[in-house]
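Peer 1: Here's the letter readout for the chains.
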Amino acid sequence: MSRIHVTTTINGDETEYLCEPQDTLLDVLRDELDLTGSKEGCASGDCGACSVMLDGRLVCSCLVLGAEAEGRAVETIEGMASGEELHPLQQAFIDKAALQCGICTPGILVAAKDLLERNPDPTEEEVRYWLAGNLCRCTGYDKIIRAVLDTAADMRGAA
Amino acid sequence: MYPVSYHKPASVDDAVKALSSGEEAMVLAGGQTLIATMKQHLAAPSDLVDIRGIAELSGIKISGDTLSIGAAMTHAEVAASKDVQKHIPALACLAAGIGDPAVRHMGTLGGSVANNDPAADYPAALLALGATVVTNKREIAADDFFTGLFSTDLEDGEIITRVDFDKTEAAGYAKFAQPASLYALVGVFVAKRGGDVRVAITGAGDDGVFRSEALEAALAKDFSEAAAKGAGVSADNLMSDIHGDADYRAHLIRVMAARAVAGAA
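Chains A and B are the protein sequences, given in the same order.
First residue of the first sequence? That's 1 in our numbering, and the numbers climb one at a time after it.
First residue of the second sequence? That's 1001 in our numbering, and the numbers climb one at a time after it.
The following block holds chain A by itself, in its conformation from the complex:
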């Protein structure tokens, strides 16, 4: 099988890579591009640890082929902070201890950022539904949900 040449944009930077047809976007991000923030949990689309944005839509990068990123824009956890300045969600997760082992955290942050961009004032139910595809086996979710709701309130106050 011949490798596929892909030109895409990752966190705003034009990027080219070669991948095998069966390589997932997650394989490419982690193994080719050294962007190891996106995690492989279940590898079957259940856990959401590999969540990234593809053309502005939240997806599981383990269920997207690297070849599918051709001509599209990918955003990963590595693009979330502005230089040294953490995104308010990242800071809130640290301040409120909304993580334990941390494997699910990048995916949850990517998903939560997408939610707040679509809906700056979500209800608790809406947060829980939006994060339904992101599993955390440590926290019991409560601190995560509260961190997202508190960040939403802070960001509305700052706007």
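Keep in mind that the hints were calculated from the coordinates and are not lab data.
Bear in mind the structure is a predicted one, so any value in this text is a computation, not a measurement.
Take these hints with a grain of salt, some might be off.
What the hints assert, rightly or not - Reference excerpt, derived from the structure (chain A facing chain B, CB under 7 Å, subset only):
| hint | residue |
| --- | --- |
| 1 | A43 |
| 2 | S44 |
| 3 | C60 |
| 4 | I94 |
| 5 | I103 |
Said to hold, decoys possible - A few chain B residues that face chain A, going by a derived Cβ cut-off under 7 Å, partial list only:
| hint | residue |
| --- | --- |
| 6 | P1003 |
| 7 | V1004 |
| 8 | S1005 |
To be verified - Derived SDA-like pairs: lysine to any residue, alpha-carbon spacing no greater than 25 Å straight-line:
| hint | chain 1 | residue 1 | chain 2 | residue 2 |
| --- | --- | --- | --- | --- |
| 9 | B | K1039 | A | P21 |
| 10 | B | K1061 | B | A1079 |
| 11 | B | K1017 | A | R128 |
| 12 | B | K1082 | A | E126 |
| 13 | B | K1017 | A | E70 |
Positions of the beta carbon are idealized from the N, C-alpha and C atoms, including for glycine.
Please build the complex by placing chain B on the supplied structure of chain A, with the hints as guidance.
Peer 2: Structure of chain B alone, referenced to chain A:
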């Protein structure tokens, strides 16, 4: 995953050619089931034909009383469509409740229908609404399309291009989701046109999606929650598994049917 070849055709004709080029070529319509299945080595296609760049498979249109949804439309696009929300609100609601956001952003109507997972949501909608599956070769009535677990009437080299839904007087969908997978443990779609009521059940049948004669007869006489709850739904030919036995599923069918009727619009 085993090695595979990847094709991204720009037209249905090119997709059909690509499908015939490989020994065991498969359509990649969203990948939310297929890629996971390939990783488990339960599917090992020689070629993947990615149909999402094909303009003919895209779009949502209303002409007269018919709503046509392109096969490559994602669940999120169907859920957000003003045309779907206006024409058949229950269908938009069903699409908004499939899996989680990541699945809804990639999974497509055509992919879901062609896969015919016995716990998928869309097959119930197509069957209850009496939809027509349009392919590159012919039109297939939903009653003839679903032929058992993960089986359809589709032939080799046949690609779903769109699904046509006729307007209903009232339609509703309610599902009891299996909380881990978010698939339907039981999902019931009801559709009423005058005195004719069609009821399709997903998640429960041991041979996939099916119509419930008992519920159809009860609701044709009296389209009410009480009639749905009182219908004589049998546990025969229902699935029993670790998530629920056949009697529990029969109970859930009545409860979900009542909720679908209550929410019908």
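Peer 1: Hint validation: A/S44 versus chain B, beta carbon distance must be below 7 Å. Holds or violated?
Peer 2: With a closest approach of 4 Å, the A/S44 hint holds.
Peer 1: Does the closest beta carbon of chain B sit nearer than 7 Å to the beta carbon of A/A43?
Peer 2: Check passed: Cβ of A/A43 comes within 6 Å of chain B, closer than 7 Å.
Peer 1: Can A/I94 be said to touch chain B, with a Cβ gap under 7 Å?
Peer 2: violated, 25 Å
Peer 1: Does B/K1017 pair with A/R128 here, judged by a C-alpha cut-off of 25 Å?
Peer 2: Distance of about 44 Å is beyond 25 Å: violated.
Peer 1: Classify the hint on B/S1005 as holds or violated, based on whether any CB of chain A lies nearer than 7 Å to its CB.
Peer 2: holds, 6 Å
Peer 1: Decide if the proposed pair is consistent with the structure: B/K1061 and B/A1079, CA atoms, cutoff 25 Å inclusive.
Peer 2: Holds. B/K1061 to B/A1079 sits at ~14 Å (cutoff 25 Å).
Peer 1: If you draw a straight line from the CA of B/K1039 to the CA of A/P21, is it 25 Å or shorter?
Peer 2: holds, 13 Å
Peer 1: Given the hint that B/K1082 pairs with A/E126, test it: the Cα-Cα distance must not exceed 25 Å.
Peer 2: With Cα atoms ~21 Å apart, B/K1082 and A/E126 stay inside 25 Å; holds.
Peer 1: Is B/K1017 close enough to A/E70, meaning Cα to Cα at most 25 Å?
Peer 2: holds, 22 Å
Peer 1: Does the CB of B/V1004 sit less than 7 Å away from some CB of chain A?
Peer 2: holds, 5 Å
Peer 1: Under 7 Å, Cβ to Cβ, is where B/P1003 needs to be relative to chain A, so tell me if that hint holds or is violated.
Peer 2: Holds - the Cβ of B/P1003 comes within 7 Å of chain A, reaching about 5 Å at its closest.
Peer 1: Double-check A/C60 for me: the hint is only fine if its C-beta lies closer than 7 Å to a C-beta in chain B.
Peer 2: For A/C60, the interface hint holds, since the closest Cβ of chain B sits about 5 Å away, which is under 7 Å.
Comparing the model with each earlier hint shows violations of hints 4, 5, 11; every other hint is respected.
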